[in-house]
Amino acid sequence: MAETNTSPDWVTLRSDFRILDQRVHGKPLIYFDNAATSQKPKSVIDALVHYYESDNANVHRGIHELSNRSTMGFEGARKRVARFLNAASTHEIVFTRGTTEAINLVANTWGVANIKEGDAILLTEMEHHSNLVPWQMLAARVGAVLRFVPVTGDDGLLDLSELDRLLDGAKLFAFTHISNTLGTVNPAKALCERAKAAGVVTLVDAAQSAGHYPVDVQEIGCDFLAFSGHKICGPTGIGALYGREVLLEAMPPWQGGGEMISSVDYEKSRWNTIPHKFEAGTPDISGPIGLAAAMDYLDAIGRENIFRHDQALAEYAYQRLAELPRHRLFGPAKGRAGLVSFLLDDAHAHDLVTLADGEGLALRGGHHCNQPLMKKLGVKSTARASFYFYNTTEEIDRMIDILQKIQEFFSRGS
Amino acid sequence: MDLEELYQTVVLDHSRKPRNFGQLSDATVSVSGDNPMCGDEITLQMKLGDRVEAVAFSGSGCSICMASASLMTMKVKGKTIAEAEALLGHFQEMATSETAIEPDPSLGDLALLAGVRKFP
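Sequence order for the protein chains is U and E. So the first sequence is residues 21 to 434, counted in this note's numbering. So the second sequence is residues 10 to 129, counted in this note's numbering.
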């Protein structure tokens with residue numbers, strides 16, 4: 021990343037997010053729900069406004085000036101995504117509504133064409149429902165079986181001791197790069213190398229990593245990678261699938277309609293080239309344009325810098341939470357991504373998050389779309405604080421003060 | 010403040026020491042419900058004759074969930090089914106109303122949960 025700034029001015033960057041400068045229930049907002057969605061800087065909001073005020077028209081079909089501008093913006097955004105992921109070719113980027121739709125696309129096209137009765141699909145026990153349910157649906161449809169790489173326990177690491185046996189006979193290995201519940205950073209490159217050696221196709225769920233960690237698809241060596249724009253400072257409703265060109269070329273289309281065809285007769289049609297083959301109908305145009313602005317913004321800061329900053333916040337939060345009485349912390353103590361899941365004995369996670377909201381502190385409480393993992397860990401829900409580069413250690417100190425008050429509230433008179 | 014209105018002493022007391030908590034050996038009906046968004050899981054058992062002869066619940070949930078189950082079991086015990094259904098109607102009206110309404114007097118301590126309508 022050539023644009024990387026060596027020491028970002030985090031305070032100035034925070035001022036690009038006006039939404040953070042407000043009071044909630046009379047208290048200064050502390051936004052610690054970034055794993056659910058990030059806030060958007062002014063440059064992204066401005067890009068959306070500029071598009072609708074100056075350039076809006078449909079893409080790929082107009083001969084007029086505004087349509088050309090829209091097409092340039094839309095296809096320019098595809099080039100920007102390819103550069104963000106270091107894809108070998110721009111054709112390898114398919115726009116989707118987000119990570120979930122990208123994974124469903126692979127399951128419904130590559131999966132249906134390649135996974136047969138009795139084949140195995142390998143996942144891990146820490147997958148988000150979005151990288152579990154599409155494979156359950158595919159397995160039920162074609163008669164395939166699901167296998168899972170185990171999670172070690174509360175420390176939240178993958179137990180790779182049986183990986184070779186699990187890969188044997190599998191057609192696909194789909195895994196999360198960073199766990200949205202545990203904060204674990206999985207060794208994506210090593211996992212893809214081992215899968216490749218076993219002849220297994222790989223899909224990386226990069227929803228939690230794309231905007232928080234340097235993600236290079238050629239370095240990782242994956243076949244597919246999916247991410248969402250809204251978690252990386254971009255708009256909601258836009259994301260992308262990366263797929264290796266040779267795989268995308270061989271895949272059948274998914275949805276039919278305009279854009280995805282090259283010629284149509286009453287009886288049959290011929291498909292457009294990749295990636296357009298997978299993009300039926302008028303696409304989200306402002307979304308990719310906003311996403312490209314977000315990528316410019318993140319790369320000016322540098323994703324290595326962002327990861328170091330988020331990781332320092334998470335390790336500080338982990339250490340401060342461990343000072344609270346009667347706590348339970350999930351995920352690795354060291355080397356974690358920028359989030360911490362926890363429980364405090366005195367308060368159910370839902371009560372804790374409700375009372376924290378009253379203090380202006382936005383946390384997430386629940387199963388984090390990880391119900392099977394919650395069952396495995398023997399809990400119904402956890403509270404989660406997830407950070408981004410605009411968060412500060414002072415906010416974590418205030419969170420700890422708030423949590424102490426909540427613990428006192430619930431232990432009073434018991 | 011809204012939260013203090015909701016998390017009152019009676020509610021906290023019922024959530025820590027839920028009444029009628031456990032299983033019935035002679036239940037005639039048993040129903041389970043869950044809210045995976047918050048991780049609530051409750052099983053309610055009743056022995057029904059002309060009236061609710063016995064009632065118990067088990068499971069886990071947030072303090073509001075536990076307290077409301079506990080208060081509800083106390084309230085319906087000994088009631089006819091028609092009376093229990095009337096209580097249910099009054100409670101639902103209070104808890105889901107878009108504006109604050111005067112809780113029906115029959116709800117007793119259950120009226121303490123009126124604040125939940127602000128937390129959809």
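The set of hints was computed from the structure by calculation and includes no laboratory data. One should not assume that every hint holds.
Here are some chain E residues the structure puts well away from chain U; computed CB gaps all over 12 Å [said to hold, decoys possible]:
| id | residue |
| --- | --- |
| 1 | L21 |
| 2 | P45 |
| 3 | K88 |
| 4 | H99 |
| 5 | S106 |
Straight-line Cα separation of at most 27 Å, DSSO-like style, residue types lysine-lysine; simulated pairs [stated by the list, open to error]:
| id | chain 1 | residue 1 | chain 2 | residue 2 |
| --- | --- | --- | --- | --- |
| 6 | E | K86 | U | K47 |
| 7 | U | K62 | U | K47 |
| 8 | E | K88 | U | K425 |
| 9 | U | K425 | E | K26 |
| 10 | U | K99 | U | K62 |
| 11 | U | K395 | E | K26 |
| 12 | E | K88 | E | K56 |
| 13 | U | K425 | U | K47 |
| 14 | U | K216 | U | K136 |
| 15 | E | K56 | E | K86 |
Every residue, glycine too, gets a C-beta built ideally from N, C-alpha and C.
We went through each hint and held it up to the structure:
With 12 Å as the threshold on Cβ separation, the claim that L21(E) sits away from chain U is violated: the shortest Cβ distance comes to roughly 7 Å. Consistency note on P45(E): stated as away from chain U, yet its beta-carbon is not over 12 Å from all of that chain's, at 6 Å minimum. The Cβ of K88(E) sits about 29 Å from the closest Cβ of chain U, beyond the 12 Å cut-off, so the non-interface label holds. Listed as a non-interface residue, H99(E) keeps its Cβ farther than 12 Å from every Cβ of chain U; the least gap is roughly 24 Å.
Every CB of chain U is more than 12 Å from the CB of S106(E) (nearest about 20 Å), matching its label as outside the interface. With a C-alpha separation of about 43 Å, the suggested pairing of K86(E) with K47(U) is violated against the 27 Å cut-off. This hinted pair checks out: K62(U) and K47(U) have alpha carbons roughly 23 Å apart, not beyond 27 Å. A threshold of 27 Å between alpha carbons decides the hint, and for K88(E) with K425(U) the separation of about 40 Å lies outside it, so the pair is violated.
The suggested pairing of K425(U) with K26(E) holds, with an alpha-carbon distance near 22 Å, which does not exceed 27 Å. Note on K99(U) and K62(U): the hinted pairing holds, with a Cα-Cα distance of about 22 Å set against a maximum of 27 Å. Between K395(U) and K26(E) the alpha-carbon distance is near 25 Å, which keeps this suggested pair within the 27 Å criterion. A threshold of 27 Å between alpha carbons decides the hint, and for K88(E) with K56(E) the separation of about 12 Å falls inside it, so the pair holds.
At most 27 Å may separate the alpha-carbon atoms for a hinted pair to count; K425(U) and K47(U) meet this at roughly 15 Å. About 19 Å separates the Cα atoms of K216(U) and K136(U), which keeps this hinted pair within 27 Å; it holds. Between K56(E) and K86(E), the direct Cα distance comes to roughly 10 Å. Compliance with the 27 Å bound is thereby established for this hinted pair.
Consistency note: the structure conflicts with the earlier hints numbered 1, 2, 6, 8.
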